[in-house]
Amino acid sequence: MMLIDCPNCGPRNETEFKFGGQAHVAYPDDPQALSDKEWAQYLFYRKNPRGINAERWVHAAGCRKWFNALRDTVTYEFKAIYGAGEARPELQNTEGGTR
Amino acid sequence: MAKHSVIEPTTDLRRSPAAHLAEAMAQASVAGTRAVALREIALASAVSLRAVPGSAGHQALAEATGVGLPTGVGEVAGSVAGTAVLWLGPDEFMAFNAAGQELTEPLDSALGQAPGQVIDLSANRAVLELRGAGATLVLRKSCPADLHPRAFAVNQAITTTVANVPILLWRTAENSWYVMPRASFTEHVVHWMIDAMAEFAADPVS
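The listed protein sequences correspond, in order, to chains Z and R.
When we follow our numbering, the leftmost residue of the first sequence carries the number 1, and every step to the right adds one.
When we follow our numbering, the leftmost residue of the second sequence carries the number 1001, and every step to the right adds one.
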């Protein structure tokens, strides 16, 4: 079991949350101007880093609100949790977790 | 065309989600040092309230409920004895009255045209009461939330899951819990609880 710290509800079991993919994928300013390739890049191409990844999460079985998180894809550790729409915070310590 | 007969009043036709399980729930009650009993609070009234804190609509609703609106996770304004308002999210609340008192109309007129929402959701959820010295132990078998009194005090309520389905969980007394699944999950939750309660008839294996 892993606890995820919901900004509204506090620490809750991971089973109450749903993963929402990579964060900070901005909708194109002018979608009509994109080529098919650029549109496909926007729709389907996502980062898959080994290490810190900025992700969207939703507390599906709780307050039903979205938030962003920096998560280490190696250790699963949540490094930072911040609001939807907020800028990605700078991490002081990006070393691996304790698990 | 055949003439249709009209059945009046229509309120006589309302059935609560667990009405057909009442006998099964009564038979599943266990006595002893870890007593636990399950029953349904039938036909309670519930109203969904949505308004952003700080807005005029939020203030109007807070005055209209008579008990205010809760401000944070777990908080309940009022108590189970009368009308209570449960916190579901930063801008989402649920007004509840176990006796089925009409709540929608006064709240709706209080909100007026301000941005927000007042919707009667009385038929949305079943209200199951789990009561007894063993009630918390039964819930712990499948609820991932921290039910210890230091984290979950009397008259607190949260949204969480039981038996893998989403529920509203409200501690109405030290050994009494309101478990509120959506109506379509009632059958599942009741049968899961009946099964979970069976072991508490015997003394714990030491």
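Simulated from the structure, these hints should not be mistaken for lab results.
Check the hints yourself; a few may be wrong.
With the Cβ distance kept under 7 Å, some of the chain R side facing chain Z (calculated, not the full set) [to be verified]: (1) Val1073; (2) Gly1089; (3) Pro1090; (4) Pro1144; (5) Thr1159; (6) Thr1161; (7) Ala1163.
Remember, it's a predicted structure, so these values are computed and weren't measured experimentally.
Each residue gets a CB set at the ideal place from its N, CA and C atoms; glycine is no exception.
Interface hint compliance - Gly1089/R to chain Z, C-beta minimum distance less than 7 Å: At about 4 Å, which falls below the 7 Å cut-off, the nearest Cβ of chain Z leaves the hint on Gly1089/R intact, so it holds.
Evaluation of the interface hint that places Pro1144/R against chain Z, nearest CB under 7 Å: Holds - the Cβ of Pro1144/R comes within 7 Å of chain Z, reaching about 3 Å at its closest.
field: Interface hint compliance - Thr1161/R to chain Z, C-beta minimum distance less than 7 Å
entry: Holds, because the Cβ-Cβ distance from Thr1161/R to chain Z comes to roughly 5 Å (cut-off 7 Å).
field: Satisfaction of the Val1073/R interface hint, Cβ to chain Z closer than 7 Å
entry: 5 Å, holds
field: Interface restraint verdict for Pro1090/R against chain Z (beta-carbon cut-off 7 Å)
entry: 6 Å, holds
message: Less than 7 Å between beta-carbons is the criterion; does Thr1159/R satisfy it with respect to chain Z?
response: 5 Å, holds
message: Holds or violated: the hint that Ala1163/R contacts chain Z, with Cβ atoms closer than 7 Å.
response: 12 Å, violated
Checked against the numbered hints listed earlier, the structure breaks hint 7 alone; every other hint is satisfied.
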